[in-house]
Amino acid sequence: MSINKGPSGLESQVNGNSLPGKKGREGDELRFETKLLHFGGEIDRATGASSVPIYQASTFHHEDIFNPPLHDYSRSGNPTRQALEDYIALLEGGARGFAYASGMAAISSSFMLLSAGDHMIVTEDVYGGTYRLLTSILSRMGIESTFVDMTDLDQVKAALKPNTKAVYMETPSNPTLKITDIGAVTDWAKEHGLLTLLDNTFMTPFYQRPIEFGVDIVIHSATKFLGGHSDVLAGLAVARTQELGDQLKQLQNGLGTVLGVQDSWLLMRGMKTLSTRMAHSEQSAAKLAAWLQGRSDIKQVYYPGLLSHPGREVHEKQSSGYGAVISFDVGSGERAKEVLNHVKLPLVAVSLGAVESILSYPTMMSHAAMGEKVRHERGITDGLLRFSVGLEDVDDLIADLDHAFAASHEVPR
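Residues 1 to 413 in the UniProt record's numbering are what the sequence shown spells out, letter by letter.
It should be emphasised that the hints constitute simulated quantities derived from the structure, not laboratory data. Remember, it's a predicted structure, so these values are computed and weren't measured experimentally. Treat each hint with caution, since some may be false.
To be verified - Straight-line alpha carbon distances no greater than 25 Å define the calculated DMTMM-like cross-link-like pairs of lysine to aspartate or glutamate that follow:
id, residue 1, residue 2
1, Lys317, Asp231
2, Lys299, Asp395
3, Lys337, Asp400
Take the sequences, apply the hints, and build the full model.
Following this line, the structure appears as structure tokens:
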């Protein structure tokens, strides 16, 4: 078990951080792994079933029209989805959770807290779908965005405008894994009355809990590590306060961007093994990153667990682990495509965070919505590959990549 600096800044075991919530036998807070299995909805109170029931219903009978039931229509609320929403709120330490049809649905619904004429400061190498939403959809609605390198707090401060209403962070960022100092940004944002939002997809609440550092809304593409099996499309959001939760609830209900009950159940099933999957994948990722960094034919390796990573110290202040995503530059687009054509074990696919390793090409996949000039300005080169490490034996993954590198013809200059 690796030892890292946890959110408190003290030395703690990666898997040993406790969270607020359900109490143990002696009144102590349960640890994270225990909460993954004992989250309040793990046993059906009506039947004793060991799994949350799937309430496959669109509407609910009113026994007394003057005293409506807790749930009346599944867009507004469903018991299966509610169990999931309570689950993620517990894990993130927030007041209220929400489940959406996709990660982008969670992001776009949260952005609807803004109004025409508002301005938002955003991590510059943000996920391509978020960039597309901001630049081609919300821009038409009069919502402005300024993209900055959030590793530099001065750049964040310089982007402030009279109409700025929010700051949107990704840390580690996708795909160059830059690190934002969450506490520093939220402290500054609060001084100016700004809403703070953070995409926590890469770290999950197992490794990083942004609400503890003052973030107002935490967002996940739950399709990734939380679901973990490449079989569900889902998004989650957690509000820090009840007041903000009420606003998100109004938007979720009004927009109808809810997650279906089958997918809610699948996601909860996947989340139960989150800690075991993340710990295994992170251990493998550390070994793979070190191996990549030692190769002369790899131009650059991006992984916050490397001693050479410029954001490592900041990351260790706010996260209890380094995650399972590595990006590396093989030198050119031509060589990147050859590597993709020669690997045998990882899926060559969009997405990440699954039990199987996934190798992605951001230029043509996750960040295809960005123009070439914008991508290159953000360090997303044509030779950049993103590797989400799964549960395979890491030595097999290394051997497979070694073969693919040897089979690719061009060596970067």
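Hint by hint, here is what the structure shows:
| no. | hint | result |
| --- | --- | --- |
| 1 | Lys317 x Asp231 | 33 Å, violated |
| 2 | Lys299 x Asp395 | 22 Å, holds |
| 3 | Lys337 x Asp400 | 15 Å, holds |
Hint 1 from the list above is the single one not met by this structure.
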